[in-house]
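Take a look at the letters that make up each chain.
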Amino acid sequence: MTRNLVEIRNLKVEATTDSGRQIEIIKDVSLDIAEGEIVALIGESGSGKTTIAMTLLGYARQGCRITGGEVRVDGIDMVSLSESERSHLRGTTVAYVPQSAAAAFNPAITIMDQVIEVARIHGLMTAGEARAKAISLFRGLSLPEPETIGSRYPHQVSGGQLQRLAAAMALIGQPKIIIFDEPTTALDVTTQVEVLRAFKAVTTQHQIAGVYVSHDLAVVAQIADGIVVLRNGEIQEAGSTSKILEDARHPYTRELLAAFRPKAQERPPESEEATKQALLLVNELTVGYGSRAGSGEPLVSAVKSMSLRLDRGRNLGIIGESGCGKSTLARAIAGILPTHAGDIMFNGLELGRAGRSRTRDELRQIQIVFQHADTALNPAKSVEDILGRPLTFYHGMKGKARDARIGELLDLVRLPKSIRHRRPGELSGGQKQRVNFARALAAEPTLILCDEITSALDTVVAAAVIQLLKDLQRELGLSYIFISHDLSVVQAICDEIIVMHRGQKVEEIAPARLKAPEHPYSRLLFSSVPKLDPAWLDTLHQDAEQVRTYCHN
Amino acid sequence: MTNSTLSDRRGIRLGYRANLVGLSALGVIFLWVVVALFAPHMIPHSVGEIVDTDYFGPMSRDLWFGSDYLGRDIFSRILMGARYTLGISLAAVSIACFAGVALGMTAAVAGGWLDTLLSRFLDALNSIPSKLFGLVVVAAVGSSIPALIGTLAVIYIPGAYRFARALSVNVNTMDFMVVARIRGERLPYLIASEILPNILGPVLADLGLRFVFIVLLLSGLSFLGLGVQPPYADWGALVRENIGGLPFGAPAVILPSLAIASLTISVNLLIDNLPTRIRDRSVE
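Taken in order, these protein sequences are the chains called A and B. Under the UniProt record's numbering, think of the first position of the first sequence as 1, with each following residue one higher. Under the UniProt record's numbering, think of the first position of the second sequence as 1, with each following residue one higher.
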C-alpha cells in the first residue's frame, strides 16, 4: 500500500447563522484516500458531503469556516495555506467537477477557451499544447467530433456532453485528485451510463484519485472503490464498496440500501371487484409550442397523437427522458397549455382546451404537483397562507374551519403543526415537497398529476414521500398520474406504465409484464437504470446502434 | 455591521434585526416628520416677518440660523419649508409608485396587448424631459400645490412602472404563478398576493430612491421659481432665494441645503438598512 494521497484528520467546519449562532456542520471527520483510489461520500442533503469535498480545495462556502483539524493533500495541509498558495494547487493538484455543468460554464465563451483556461492561468503549457491535450481528453471522454467540439458554445452541446467537458476542464491541469460533485444527478439514465463510463475510463487511465459526492448508491457502486456514509456531518460507516453494499452495519446505511430497493405496488384484491370506470380518457392529443402558422399547427409538437386511459383509483406512470414530452402532456391535461388537437374526457365530460375555459370545479378536480417545490411555493407566504388559499378559493372556508383543515392537511402529509407559520425557505426539501402536495390535497381533487415530484429529493426522503402517496391513496381514493424519468419510483406506485419517446407513446406496460419490455427503446431505458451491483456498468452491453438512434447525448 | 447589543437582543425577540445605521436614519426622518407636522407651533417668528435689519445675518441667540436676503428668520423658514418639501414629495412619490407598480404588475401578469399598449405609452411619457414637462404644466395651469404633486407623480410613474414590470416578469415565470393561475385565480389576487410580496423589497428601495429624486426635482422647480410660491418656500426655494449669500458664506444658503441632504441621505440609508428577518430563531 502506497502512502495516502489525502489525509483528513479531525476536520471541523462551523457555520454562522444570521442570528450569530455557531453550528458545527462537520464534526470531527477523518478519512484517507490512497493514490488512484476513488472514494464516494454519500448521504442526504445537509449531511456535509459537499462541504467535506470542498475542504480538499481549502475552500469553505460563504458563512462557513474550517475551525479545526487538517486536510493533507499530497502532503500539504490545505487548511493552513494562504489563499494565494491554495490557488496554486487548485486545478493542478486538486480539481473540481461541479454538479451542474450548465451553470458552471460561461455561456459567452467557447468551450475550448474555458477548458484550457486552467493551463493558461497556471502557465502549464502553451495554448497550442493545451488545445492538443484538450482534444485528446475529449477523445478519451468519448465526446463526438473531438476536433471541433471545442469551438462551440456551451448551449450548443447536450447536458451529458457538457458534464464530460467539465471533466475535461478538470483533467487538463493533470490533477492528482478530482472532486466529482454529484456530476450525473441532473442527467437522464441513458446519458448517465455514457458519462459514468467516460469518467471511469479516464480516472483509471490517468491513475487519478477521486472524491465522488452523491446520494445515489447505485451510481457510486459503479465508480467508487470505497464508500463513506455521512449523516449530520459525521461519518456513520466507511469501508470498501462491496463491504458496504453487502454487509452494511449501520442502521442508516441499511435504511439507504432499503430505500433503493422499492417494493412493487401491492394492490389489495378489492380493486379488482370494483367495476372499471374511466376517470381520464385522453384521445389523440397533440400539444405543441410556438407560434401557429396559417394551418394552425404548432411550431414544435411536444406531444403527438397521444392516447391514454386511467381508471378511477388507479395509477398511471409516464416515463421517458428529458424532452420526451411527458411534462407537456401533464400540463395539457391540467389545462396549463392549450391543446392543439384531440380531446380530454374527465369523468365522462369533455374538458376545455385550456384552463381558462374550464369551470372552477373541473380545475379543482385535477391538481398538478411540480418537481421543484422551491419554485412551486411562493417564498413570501407562510405555509398557512399557501394551504389556506385553495380552501378559501374552492371551499369558501374561513376562520376556525380553515385553521382546523390546515391542521388536518399538515397531519395528512405527516408534518408537525408547528411549521404552519414558517415560510418555504425555512423548510427542508422533503418538507417543502410535502407542503406542495398538501396544497394539491387541499382542493380535494380526484386526480393528482405528479410531475417528477421525487426527483429533487434524496433517496430516503423520496421513498418516504412515495409511501405517503400510497397511504393517501388508500385513505382518500385518489388517482395519480406519475411522471418521472426514474423507473424505480414509477414501478413502486403505478399500475400501468407508459413509455414515451419524442412525444409519442412507445409502449404501454403493466407491471406484471415489466420484466420484459418489448420495444427496443423501453429495453434500453430499463437496462440503463443503475443497479447496486458494482460490476453492473462493466457487464452492461448496450447496442451502440440503438443508443445512437434513441439518445441525443 | 454595527450592532448595539441591546437592539440586537431585542431584535431577535421580535424576529427582526435592525442595525444602528438604519435606526439613526429612521431617527432623522422621524425628526423631520415631527417638524413638518408641528411647524406652526414651533417657529419662533412668522415666516414673512422681517426680523433683522441686516440681510444674510449670521447665527445669533435670537436668530439661530441667521437671516435671509430680506432679513427674515431662516430657522422658521426651514421648519415651515419641511412641510412643503416632505408633504409634496411624499404625496407625489406615493402616487407615482402606487400607480407605476400596480400598472407594472398588471402588465407583467396580463401580458399581450395590454402590456404592449401600457409599455409604449409610458415609454413615450418617459421621453419627455422632466424639467420641461414641469415648465409646460406650470405655464398651462399655474403653480398650485395639487398641480405640483400631479406633475411630479406623472414624471416618475414610467420609471416605477418599468422597474416593477421587470421584477414581476421574473416572478411571473415561477411555478407558483402557474399553480395559482390553474387554480382559477383572477388578476387582482395574482398581483396583490402572489407577486407583490415577492417584489416588495426592491420596490421599497425604488420608492426611497424616487423620493429623493422628487425632493431634488421639487427643489429644482422651486429654484426656477415654478414651485411653492412666496412668501412660503420649500427647501429648494430657500436655497434659490438666498443663493446671493453664497459669497458671504451665509447660513441662509448652507442650512437649507443641509436639510435637503440630511433628508435624502437618511431615506437612502434607511432603505439600504431595513430590518432583516432572522430565519434562525432556535436561539435561547
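Since the hints were made in silico from the structure, they are not lab data. Keep in mind that a hint or two might mislead.
Sample of chain A residues at the chain B side, in silico, Cβ under 10 Å [claimed, not checked]:
1) Phe370
2) Gln371
3) Met397
Glycine included, each C-beta is placed from N, C-alpha and C at the ideal position.
Tested hints:
1. Here the hint on phenylalanine 370 of chain A is kept, as its CB sits about 5 Å from the closest CB of chain B, short of 10 Å.
2. For glutamine 371 of chain A, the suggested interface contact is upheld, since its CB lies about 8 Å from the closest CB of chain B, less than 10 Å.
3. Residue-level restraint check for methionine 397 of chain A is violated (minimum Cβ-Cβ distance to chain B is 14 Å; threshold 10 Å).
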